[in-house]
Amino acid sequence: MMYIETDDIRQISVIAKNEIRKSLRGRKFLAYAVIIAMIFLLITFLPLALMDDPWNSMTSFLVAHFSFATILVILAATIFASSTYVSEFEERTALILFTRPVKRTTIYLGKFMGCFIMEAVVFIGYYVAVCSASLFLNDSPSAGQYLASLGGILLCLLAASALAAVFSVIMRKAGMAAIMTFVTMLILLSIVSGAISIATHEMPWYMLDQAMNVAFVFIPDVAKNLGLGDFDQMKGILTLAVWGAASMFMSWLLFTRKEMQS
Amino acid sequence: MSSDSPIEIVGLRKEYGQFVAVNNLDFSVKKNSFTGFLGPNGAGKSTTLKILTHLINASAGKAYLHGVDVALDPKKALSGVGTVVETPEFYTYLTPRETMRYIGEILGMNREAIASETDAILEKVKMSGWADKRIGTFSKGMRQRIALGQALMNEPSIIILDEPTSGLDPRGMAETREILKNLRNGSKDLTVVMSSHLLHEVSDLCDRVAMINHGTLLIHDETDKLMKTGDTRKIAAKLKDTPTRELIEKVSALDNVVSAERFGNDIEIGFKGDMDSRAVLFRDLGLLNAGIYGLSEEDELETTYLNLIAESR
Numbered sequence: 033m034m035y036i037e038t039d040d041i042r043q044i045s046v047i048a049k050n051e052i053r054k055s056l057r058g059r060k061f062l063a064y065a066v067i068i069a070m071i072f073l074l075i076t077f078l079p080l081a082l083m084d085d086p087w088n089s090m091t092s093f094l095v096a097h098f099s100f101a102t103i104l105v106i107l108a109a110t111i112f113a114s115s116t117y118v119s120e121f122e123e124r125t126a127l128i129l130f131t132r133p134v135k136r137t138t139i140y141l142g143k144f145m146g147c148f149i150m151e152a153v154v155f156i157g158y159y160v161a162v163c164s165a166s167l168f169l170n171d172s173p174s175a176g177q178y179l180a181s182l183g184g185i186l187l188c189l190l191a192a193s194a195l196a197a198v199f200s201v202i203m204r205k206a207g208m209a210a211i212m213t214f215v216t217m218l219i220l221l222s223i224v225s226g227a228i229s230i231a232t233h234e235m236p237w238y239m240l241d242q243a244m245n246v247a248f249v250f251i252p253d254v255a256k257n258l259g260l261g262d263f264d265q266m267k268g269i270l271t272l273a274v275w276g277a278a279s280m281f282m283s284w285l286l287f288t289r290k291e292m293q294s
Numbered sequence: 315m316s317s318d319s320p321i322e323i324v325g326l327r328k329e330y331g332q333f334v335a336v337n338n339l340d341f342s343v344k345k346n347s348f349t350g351f352l353g354p355n356g357a358g359k360s361t362t363l364k365i366l367t368h369l370i371n372a373s374a375g376k377a378y379l380h381g382v383d384v385a386l387d388p389k390k391a392l393s394g395v396g397t398v399v400e401t402p403e404f405y406t407y408l409t410p411r412e413t414m415r416y417i418g419e420i421l422g423m424n425r426e427a428i429a430s431e432t433d434a435i436l437e438k439v440k441m442s443g444w445a446d447k448r449i450g451t452f453s454k455g456m457r458q459r460i461a462l463g464q465a466l467m468n469e470p471s472i473i474i475l476d477e478p479t480s481g482l483d484p485r486g487m488a489e490t491r492e493i494l495k496n497l498r499n500g501s502k503d504l505t506v507v508m509s510s511h512l513l514h515e516v517s518d519l520c521d522r523v524a525m526i527n528h529g530t531l532l533i534h535d536e537t538d539k540l541m542k543t544g545d546t547r548k549i550a551a552k553l554k555d556t557p558t559r560e561l562i563e564k565v566s567a568l569d570n571v572v573s574a575e576r577f578g579n580d581i582e583i584g585f586k587g588d589m590d591s592r593a594v595l596f597r598d599l600g601l602l603n604a605g606i607y608g609l610s611e612e613d614e615l616e617t618t619y620l621n622l623i624a625e626s627r
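Those protein sequences? They're chains A and B, same order as listed.
Per the numbering used here, the first sequence starts with residue 33, numbered consecutively.
Per the numbering used here, the second sequence starts with residue 315, numbered consecutively.
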């Protein structure tokens with residue numbers, strides 16, 4: 033049953049709220065926030081300690097920061113989204129939640145929304161920190177360019193989380209779901225994209241790892257510096273949307289049919 | 315669907331590959347009854363209750379709660395239903411009070427109702443003292459009490475319990491049983507189905523019993539009636555000294571005694587009769603002055619159960 037009623041929306045927010053509380057009280061959120069903070073501090077301040085005037089141009093500063101964005105997206109999907117569904121079965125909390133008058137679709141959407149909000153909060157924090165630091169440099173991009181770039185990153189996050197959700201529903205153990213998510217997004221997709229580009233002599237824009245470059249192309253100097261000057265923004269956005277929608281549909285379908293075994 | 319049967323199961327079947335866990339099961343639960351769902355391990359009890367609570371799907375047949383097909387509209391069917399399936403785990407980062415709030419919010423209760431019901435329920439399950447401690451630190455018995463507590467949120471009219479005392483230590487079992495007894499005695503509009511393989515638990519708590527084996531219903535009737543279907547009863551008389559042949563003959567000659575045999579220092583008495591004649595027997599045994607210090611009787615439900623299970627093999 034895919035139809036959503038008013039009461040379902042209320043229940044989605046209740047479940048999302050609990051998912052956020054789970055992240056805040058658990059160590060995952062803290063660990064992820066610490067990783068992000070460390071990356072920001074190291075990229076920003078380590079060059080300052082090692083060389084004179086490392087940030088002589090805004091582009092080099094932003095490239096240094098944004099080149100890590102994709103791996104942070106993969107890390108977020110691995111830490112949050114890959115465990116969100118499997119944990120209900122593995123930790124047997126499904127016996128409490130699933131036996132309540134609440135649709136599986138509602139549970140699916142509530143949990144997805146909760147973990148996406150947590151991932152997004154951390155990324156928004158990272159962007160705010162990068163923007164704040166860039167104020168000390170000349171030629172800072174416009175607020176609109178930053179917002180468009182953030183929008184691109186959030187779309188990457190959505191697509192990556194949806195793919196992680198597929199592993200979360202398929203796997204029986206959260207640890208295995210996390211490994212599969214990380215390996216698939218970091219290694220397998222790159223191998224496939226690489227093989228296709230060798231065979232066809234062009235980068236496969238329809239692959240998730242390639243479409244994720246959309247986050248960098250809203251700031252023209254950064255895009256040029258990363259060799260993405262020809263990147264078609266609209267194609268990238270649509271590709272991410274298709275990957276996200278297809279993965280969400282597949283994980284939803286599997287989740288609503290998954291049975292609670294002893 | 316009959317309004318007198320809030321739980322109805324029609325032609326239910328569940329297959330796991332070649333294995334048939336539930337085989338064309340038909341079964342309805344009388345309104346306001348406390349029904350025990352008895353059967354040996356692997357009989358299909360848990361599978362049936364998991365289908366009823368929408369944790370798994372049936373291969374064929376229907377399960378209805380309040381006349382609503384669980385598979386077609388689980389949200390509506392499970393409204394007004396409290397469940398404890400197996401030994402559930404809780405979100406360890408929540409306290410019992412937060413767990414109740416979470417369940418209450420899912421059920422659509424308002425804040426005031428959640429707060430007042432939470433206090434009353436935690437009192438009922440004797441967890442008030444731990445209301446604000448994280449569940450992660452609780453023992454299995456405490457978690458089971460919380461499980462029973464959350465099943466009571468929003469005053470359900472149906473409660474489905476799957477082996478609620480399973481895995482608990484004797485104290486935990488006794489505490490859980492006491493909560494269930496209070497539940498049985500304290501609520502008028504409440505239908506409870508409780509699976510168990512503990513016969514004394516079922517005979518102690520339930521007014522009706524359904525027995526199942528190999529996924530098929532063997533019998534479903536009032537507990538009292540089932541307890542009377544056993545023919546010859548076994549009573550063990552415990553003696554301080556080894557009984558003499560003469561004493562055994564005297565016991566054999568007592569009214570309604572079918573047989574008397576020595577087992578160590580005990581005499582196992584085969585007996586046929588109602589409660590009054592049993593009282594007469596106990597009096598007569600005392601009059602023998604044979605040094606009998608104890609009498610124990612085989613559970614009547616156990617006799618029926620073992621006979622039915624043996625026949626169904």
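Treat the hints with care, since some could be wrong.
[What the hints assert, rightly or not] Lysine-lysine pairs mimicking BS3-like chemistry, simulated, CA-CA at most 25 Å apart:
#1 A/267 <-> A/256
#2 A/290 <-> B/586
#3 A/290 <-> B/552
#4 B/345 <-> B/495
#5 A/205 <-> B/454
#6 B/502 <-> B/440
#7 B/586 <-> A/49
#8 A/290 <-> A/49
#9 B/495 <-> B/438
#10 B/564 <-> B/586
#11 B/539 <-> B/586
#12 B/548 <-> B/502
#13 B/554 <-> B/564
#14 B/344 <-> B/586
#15 B/539 <-> B/554
#16 B/564 <-> B/552
#17 A/49 <-> B/344
#18 A/49 <-> B/389
#19 A/290 <-> B/345
#20 B/447 <-> A/60
#21 B/344 <-> B/495
#22 B/345 <-> B/438
#23 B/390 <-> B/376
#24 B/502 <-> B/552
Since the hints were derived computationally from the structure, they do not count as laboratory data.
Going down the list of hints, with the structure as the test:
{"no.": "1", "hint": "A/267 <-> A/256", "verdict": "18 Å, holds"}
{"no.": "2", "hint": "A/290 <-> B/586", "verdict": "53 Å, violated"}
{"no.": "3", "hint": "A/290 <-> B/552", "verdict": "55 Å, violated"}
{"no.": "4", "hint": "B/345 <-> B/495", "verdict": "17 Å, holds"}
{"no.": "5", "hint": "A/205 <-> B/454", "verdict": "23 Å, holds"}
{"no.": "6", "hint": "B/502 <-> B/440", "verdict": "22 Å, holds"}
{"no.": "7", "hint": "B/586 <-> A/49", "verdict": "63 Å, violated"}
{"no.": "8", "hint": "A/290 <-> A/49", "verdict": "23 Å, holds"}
{"no.": "9", "hint": "B/495 <-> B/438", "verdict": "11 Å, holds"}
{"no.": "10", "hint": "B/564 <-> B/586", "verdict": "17 Å, holds"}
{"no.": "11", "hint": "B/539 <-> B/586", "verdict": "16 Å, holds"}
{"no.": "12", "hint": "B/548 <-> B/502", "verdict": "36 Å, violated"}
{"no.": "13", "hint": "B/554 <-> B/564", "verdict": "17 Å, holds"}
{"no.": "14", "hint": "B/344 <-> B/586", "verdict": "31 Å, violated"}
{"no.": "15", "hint": "B/539 <-> B/554", "verdict": "36 Å, violated"}
{"no.": "16", "hint": "B/564 <-> B/552", "verdict": "16 Å, holds"}
{"no.": "17", "hint": "A/49 <-> B/344", "verdict": "39 Å, violated"}
{"no.": "18", "hint": "A/49 <-> B/389", "verdict": "20 Å, holds"}
{"no.": "19", "hint": "A/290 <-> B/345", "verdict": "31 Å, violated"}
{"no.": "20", "hint": "B/447 <-> A/60", "verdict": "21 Å, holds"}
{"no.": "21", "hint": "B/344 <-> B/495", "verdict": "18 Å, holds"}
{"no.": "22", "hint": "B/345 <-> B/438", "verdict": "23 Å, holds"}
{"no.": "23", "hint": "B/390 <-> B/376", "verdict": "15 Å, holds"}
{"no.": "24", "hint": "B/502 <-> B/552", "verdict": "42 Å, violated"}
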